[in-house]
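A.B. asks: Here the protein sequences come in this chain order: A and B.
If you're matching positions, the first sequence starts at 1098 in our numbering and goes up one per residue.
If you're matching positions, the second sequence starts at 10 in our numbering and goes up one per residue.
What the hints contain is simulated information worked out from the structure, not anything from laboratory work.
Every residue gets a Cβ at the ideal spot worked out from N, C-alpha and C, and that includes glycine.
Computed cross-link-like contacts, DMTMM-like style, restricted to lysine to aspartate or glutamate with a CA-CA straight-line distance of at most 25 Å:
{"no.": "1", "chain 1": "B", "residue 1": "K663", "chain 2": "A", "residue 2": "D1114"}
{"no.": "2", "chain 1": "B", "residue 1": "K663", "chain 2": "A", "residue 2": "D1339"}
{"no.": "3", "chain 1": "B", "residue 1": "K693", "chain 2": "A", "residue 2": "E1116"}
{"no.": "4", "chain 1": "B", "residue 1": "K693", "chain 2": "A", "residue 2": "D1114"}
{"no.": "5", "chain 1": "A", "residue 1": "K1132", "chain 2": "B", "residue 2": "D64"}
{"no.": "6", "chain 1": "A", "residue 1": "K1367", "chain 2": "B", "residue 2": "D166"}
{"no.": "7", "chain 1": "A", "residue 1": "K1132", "chain 2": "B", "residue 2": "D521"}
{"no.": "8", "chain 1": "B", "residue 1": "K693", "chain 2": "A", "residue 2": "D1109"}
{"no.": "9", "chain 1": "B", "residue 1": "K30", "chain 2": "B", "residue 2": "E604"}
{"no.": "10", "chain 1": "B", "residue 1": "K30", "chain 2": "B", "residue 2": "E608"}
{"no.": "11", "chain 1": "B", "residue 1": "K693", "chain 2": "B", "residue 2": "E20"}
{"no.": "12", "chain 1": "B", "residue 1": "K183", "chain 2": "B", "residue 2": "D318"}
{"no.": "13", "chain 1": "A", "residue 1": "K1132", "chain 2": "B", "residue 2": "D118"}
{"no.": "14", "chain 1": "B", "residue 1": "K693", "chain 2": "B", "residue 2": "E42"}
{"no.": "15", "chain 1": "B", "residue 1": "K30", "chain 2": "B", "residue 2": "E703"}
{"no.": "16", "chain 1": "B", "residue 1": "K624", "chain 2": "B", "residue 2": "D698"}
{"no.": "17", "chain 1": "B", "residue 1": "K663", "chain 2": "A", "residue 2": "E1116"}
{"no.": "18", "chain 1": "A", "residue 1": "K1201", "chain 2": "A", "residue 2": "D1269"}
{"no.": "19", "chain 1": "B", "residue 1": "K693", "chain 2": "B", "residue 2": "E604"}
{"no.": "20", "chain 1": "B", "residue 1": "K663", "chain 2": "A", "residue 2": "D1109"}
{"no.": "21", "chain 1": "B", "residue 1": "K30", "chain 2": "B", "residue 2": "D534"}
{"no.": "22", "chain 1": "A", "residue 1": "K1132", "chain 2": "B", "residue 2": "D166"}
{"no.": "23", "chain 1": "A", "residue 1": "K1367", "chain 2": "B", "residue 2": "D566"}
{"no.": "24", "chain 1": "B", "residue 1": "K663", "chain 2": "A", "residue 2": "E1120"}
{"no.": "25", "chain 1": "B", "residue 1": "K663", "chain 2": "A", "residue 2": "E1107"}
{"no.": "26", "chain 1": "B", "residue 1": "K663", "chain 2": "A", "residue 2": "E1337"}
{"no.": "27", "chain 1": "A", "residue 1": "K1132", "chain 2": "B", "residue 2": "D592"}
{"no.": "28", "chain 1": "A", "residue 1": "K1132", "chain 2": "B", "residue 2": "D566"}
{"no.": "29", "chain 1": "B", "residue 1": "K663", "chain 2": "B", "residue 2": "E604"}
{"no.": "30", "chain 1": "B", "residue 1": "K693", "chain 2": "B", "residue 2": "E665"}
{"no.": "31", "chain 1": "A", "residue 1": "K1367", "chain 2": "B", "residue 2": "D118"}
{"no.": "32", "chain 1": "B", "residue 1": "K693", "chain 2": "A", "residue 2": "E1107"}
Here are the simulated distance ranges between beta carbons:
{"no.": "33", "chain 1": "B", "residue 1": "V454", "chain 2": "A", "residue 2": "H1371", "range": "42 to 48 Å"}
{"no.": "34", "chain 1": "B", "residue 1": "P681", "chain 2": "A", "residue 2": "E1130", "range": "32 to 38 Å"}
{"no.": "35", "chain 1": "B", "residue 1": "T585", "chain 2": "A", "residue 2": "S1355", "range": "36 to 42 Å"}
Reference listing, derived: stretches of chain A covered by chain B, where coverage requires no fewer than 3 residues with Cβ under 8 Å from a Cβ of chain B:
{"no.": "36", "stretch": "1107-1113"}
{"no.": "37", "stretch": "1123-1136"}
{"no.": "38", "stretch": "1139-1148"}
{"no.": "39", "stretch": "1339-1346"}
{"no.": "40", "stretch": "1368-1374"}
Given next are the chains, with one letter for each unit.
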Amino acid sequence: MAHVIPRHREQDGWPIDYEAINEDFRATVEEMEGKLGEHNWRSGAITARTDLAPDAVLDVNFTATSVDPDLETGNGRPTNGPANAFLIRNITTWQSVDNMSATKDTGNSLLWIIASFQHQTYGTIVESSIGAAYALRLDGQVVAESLIGGVDRENDPLGECVFAQAYAYVTDALIPVPPGRHTVELVARAVRDQNYAVPDESAGAVRHSEVFNREIILVTIDPPSADLSGAGVSFTPLLEGDTINAASLNTPFSSVASEVNDLDPPSIQKESLHAVHLPSMISRSGYTSIGVGGAFSYSSVINPYPGYDSELGWGIVQDGAGNLLQVTFVSLDLSDADNRGVLVLANVHVIQLQGTAGGLSVTDIESCYAAFAIQVRDGTGAWFTVAKTERYTNAEVEDPTAGPPGVQVVERKNVPIRTFVTQAVINAAGGNNLIQGVRVVVSLAERSVAATDVTVTIEEGDLTILGLQAGS
Amino acid sequence: MGVDTGRYRTELLPLRVESGKLVTPASVAGRIENFETTPEGTLVSVRGPAPYVPDYGAGFPAYGNMHGVFHALLIGGVRDVLLVQSGAEVWVQQGWNQATAVGSAGSWDRLIGAPGTMAQVIQELPDHVGPQFPCQFESTGTGIVIVPQGGRAVFYDGIVALPLGYERAPDAPKPQGPESSGTTNPTVNDTGYEVRRIVTAGGVPLPETFGYGRLGTVQSQMGGSNESGVLRGRWQGALQWIDHFGNLSPLSQRSASLHVAQQAHAAAADVPETLTFEFAWENLENGPTGTVGKVLCRTKDLVNSGTSDLFEVPPNIGAGGLSSFATIPDNVSRVFPDNIPDVWLVTRPPEPIPVPQFKLCRLALGRLWIANTRDDPGLLIPSMPGRWGTFLKGTEMFPDPQGGEITGLWAISSRGGGALEGGGGLLACTASSTFVVVQTEAGLVSVPLHPSVGCAAPSSFANMPDGSVVWLARDGFYRYDGQEIAFISEAVRPLVERLNPGRLLQACAAYDPRSREYRCWVPLDGSRENTLCLAWDGEGWRRRTDVQARAVCVTRDHRQYMIVAGRSTNTLPATTDGVWVLDREVQSYTPQARESRLETGWIEGVRSMERKSPKTLYLWLRESDDGTATVELFRDWSMVAAISTDTAQAELDKPESGPPMWGVTSYGGATPPNQWMRRRPYWKRVHIDAPSAEVYKLVIRSANRIELLGVRFDEQPQGTSGRVP
Chain A
1098 MAHVIPRHRE QDGWPIDYEA INEDFRATVE EMEGKLGEHN WRSGAITART
1148 DLAPDAVLDV NFTATSVDPD LETGNGRPTN GPANAFLIRN ITTWQSVDNM
1198 SATKDTGNSL LWIIASFQHQ TYGTIVESSI GAAYALRLDG QVVAESLIGG
1248 VDRENDPLGE CVFAQAYAYV TDALIPVPPG RHTVELVARA VRDQNYAVPD
1298 ESAGAVRHSE VFNREIILVT IDPPSADLSG AGVSFTPLLE GDTINAASLN
1348 TPFSSVASEV NDLDPPSIQK ESLHAVHLPS MISRSGYTSI GVGGAFSYSS
1398 VINPYPGYDS ELGWGIVQDG AGNLLQVTFV SLDLSDADNR GVLVLANVHV
1448 IQLQGTAGGL SVTDIESCYA AFAIQVRDGT GAWFTVAKTE RYTNAEVEDP
1498 TAGPPGVQVV ERKNVPIRTF VTQAVINAAG GNNLIQGVRV VVSLAERSVA
1548 ATDVTVTIEE GDLTILGLQA GS
Chain B
10 MGVDTGRYRT ELLPLRVESG KLVTPASVAG RIENFETTPE GTLVSVRGPA
60 PYVPDYGAGF PAYGNMHGVF HALLIGGVRD VLLVQSGAEV WVQQGWNQAT
110 AVGSAGSWDR LIGAPGTMAQ VIQELPDHVG PQFPCQFEST GTGIVIVPQG
160 GRAVFYDGIV ALPLGYERAP DAPKPQGPES SGTTNPTVND TGYEVRRIVT
210 AGGVPLPETF GYGRLGTVQS QMGGSNESGV LRGRWQGALQ WIDHFGNLSP
260 LSQRSASLHV AQQAHAAAAD VPETLTFEFA WENLENGPTG TVGKVLCRTK
310 DLVNSGTSDL FEVPPNIGAG GLSSFATIPD NVSRVFPDNI PDVWLVTRPP
360 EPIPVPQFKL CRLALGRLWI ANTRDDPGLL IPSMPGRWGT FLKGTEMFPD
410 PQGGEITGLW AISSRGGGAL EGGGGLLACT ASSTFVVVQT EAGLVSVPLH
460 PSVGCAAPSS FANMPDGSVV WLARDGFYRY DGQEIAFISE AVRPLVERLN
510 PGRLLQACAA YDPRSREYRC WVPLDGSREN TLCLAWDGEG WRRRTDVQAR
560 AVCVTRDHRQ YMIVAGRSTN TLPATTDGVW VLDREVQSYT PQARESRLET
610 GWIEGVRSME RKSPKTLYLW LRESDDGTAT VELFRDWSMV AAISTDTAQA
660 ELDKPESGPP MWGVTSYGGA TPPNQWMRRR PYWKRVHIDA PSAEVYKLVI
710 RSANRIELLG VRFDEQPQGT SGRVP
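Generate the whole structure from the sequences, applying the supplied hints.
C.D. replies: Dropping the structure here:
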């Protein structure tokens, strides 16, 4: 709890007072029976991360779904409803996105919920198309602050939903929760159309939105500790009549010393150890950003989309001055139980995505796709694409119903990607157990012959990696 | 009285409390200095103090003038917070931080400090050593209110420290709405911020998806025509900040009015809502550090609604609706597009006042009460319940109708009957009167409790274990038990009259649960410092001089340490000022020797006409030291010279049968004393002689540790030898 100061300072010339000795010992023993708090530990008291149990501070749980959008074939847009895609029903109530939920037993914990996914409009955008709204839901309660879009369009005509043909989204939230079992989900809903009419949910009605690649990551900060027990201090007070000898003196000293040198969990008050006492749970970290003040373009001629889950043909996102959106680090052995995995947080800012030919129709423009993905570098130095991280966006026009030619907008889109890379993930991608690098790559899909070539201009990007020691 | 060979032997005189009266019962001492009672019922020399923060290798922390100390448990009892005001800074203790740099603050971290100190709250505090109240603290459960004297109050929740509430209002927002280039259709509402479904050439049409603008009072028939339209209208807005702790700022001044001209439809078939507007508010000033949201307030249509009140504007896009904590849940956005119709405005905003600079505060009746503001010393203001830094307009009160300066606040609970029947209250004292603020059906009211007893020192209040409250007034100590105010320091009135009245306001006190004493440090004999501690155990008084306390607290955890910020007397100069734990000692710090002194009263003053000759003193002691105490005898009301002084007979141990001694005993010995033994009481006889004395007084003093159970005397009565002129 706090500093304990003995009551008695025995000194020469005083009667030896065993009761005073007992009282001073007792004060120390009592602290060690569950009252050792933040003041009792020196700053940096625990220096080695691996001295802590993997789940001492963090748990990380995640689930991901891989969906091949069939982006490389030339039918003008990704396939409707590919395997594992989630089609959002035409209802305005929230529906849980398949395989985007996690259930966790927590203590008084802080949950960091991250959902990263690919939104795709089903079919071609027409006047009756409607968008979708997304949100995180915790224990049945939608987290308002996590809404992508809104719940109505009161003050913002564009605020109720997202409405784009292809767009990558991330929503996350930090939420303190009480002890118990908690379920987090990504939920989605259709919205009313522009005439505020309820969408058609009848059999055979066209669905409007679907979710492709997706991943939900749940970081539990301060997970519940195991119900560890301990015997505590075996303190035997001095009694009147005991012989004054080494044994009787050593007994209380040694019992306290033994406990100090081998404290059991019940000795320590909960939440008493924090940042000043503990080592970081981050085994590796890295951050880089590119392109502030500059821009760089890629072409489908040089970096054509190589097909889903492929390593070839991607270009590394860079700023043109040799600065790559890439982080390398001392290799981390993901097969080690102390290394739960690497959390990757990437953003790429797209300024413009377009076909080089002039006078393109709306369809031609909207058939220009830029794809992004995370690649990881294993212990051999080879780079592998993490398929679940593939995200893409397409060029847009001001008015999909107008033209030709379509009037292309300046995109200014952020393409966010979040993923968690574990041993299983890197192995599935083709790598070994070691990870020593992460980068963001880009390729272009030219799905309309008329476009002749697709270019994407990227203005900025950033990449953060966090190697985490955590439980699961 | 017993009789023994013609001599009287007095009964056992326990001598646990003192009196300054000339004539007292023999069982009451004349002075008990630097003694405390023990759970075993003895009187033992005061020990300690011990420095709260030890020397980690480069000396003790470099303390300045100490002005305050406070302890609380925060964050569900997890965070153990000890605060002190040292010089012009407020520090928080961080036991994990063992800084060893010479001249550093040791394990203290700056919470409030001057620019350049890296403190959480930057504030130039005065380091005034003149007469002033100690720094005031109050724990609210969620945090601590820190009231440095002469500074701005700060709230600290164990992690975040911010100034308490807001001391000013935001700037008024600037409205954006339609303007008129002419006076008739279609030249009204045709310029400026014209955002609605049907606009003129310069406006922004709302798409059909959006619906309609919602502002503007519509009428289906205007004038003699069948045309519908909007009526002439006027709106005003205001802004309010909300901080991390939920405190609200004063409302800004109202904005300039936003006018809408009356306008009818050009086409009678159009619905009137196509002419209604969306407004916008600009110049939403960002709040100071700690602000987490902005509450935009707006009137309804001042022309047509019938009310000019302000209402809170619910936030945008349904994210929380009326339950949201602010219209704008950030401290960044400076523009708010407002399409909230008048009918959605239902909640009137609280109207706080700027938080004034004040000297005193106390939590009572679910509110934080602040008093003695810089501009109005007699003012008392309650906070909103739970919002400890939000004080509403119109709730101020003057407990003393004459506006006397408030010098003390204390929360009291009901003990049945009296002014507190059915609930608690707040004691509010001026220097010469006492009031109690209670909750009644009529609201919070101040009721006079005593017309002539006030409070001299706000930090002298303490609760006794029986629920009563004790404090220091100008003429001594008083106790309020829920029924009446009683004077409790009659026995030590001569001592109280020696207190420095000009410095009484700096007295500080706390109740020590272990010794079950109320202890109050006061300035004696014109001193600038609180040089004397008066201790009251519910029965009587003692005194001690181990520390000069500028402030004192008792830790609110299982340790219940009494901690003093001040000066440890008789210690090395380098460690004079600091934070001390009383009644505890450590091997790493040795206070200089301090004398414990026990004087009997004048025995027996009521029989002074009858002379007597004390012959023998019996000391009932408990083994405590291998040294001796000095015994001095005085007679006939004179302390000029002792009749006898003995420094040898009053041995403080009993060598023939006592426990072994530290420093001379080897453990593992085969012969006694080789066993742990309890220190035992014993009697010691000291020969004294004061022939034919009217009265006599005994002084027992020693820098060695003394543990006393009582004294007795053998006395030879001298019959009728008394001479009466």
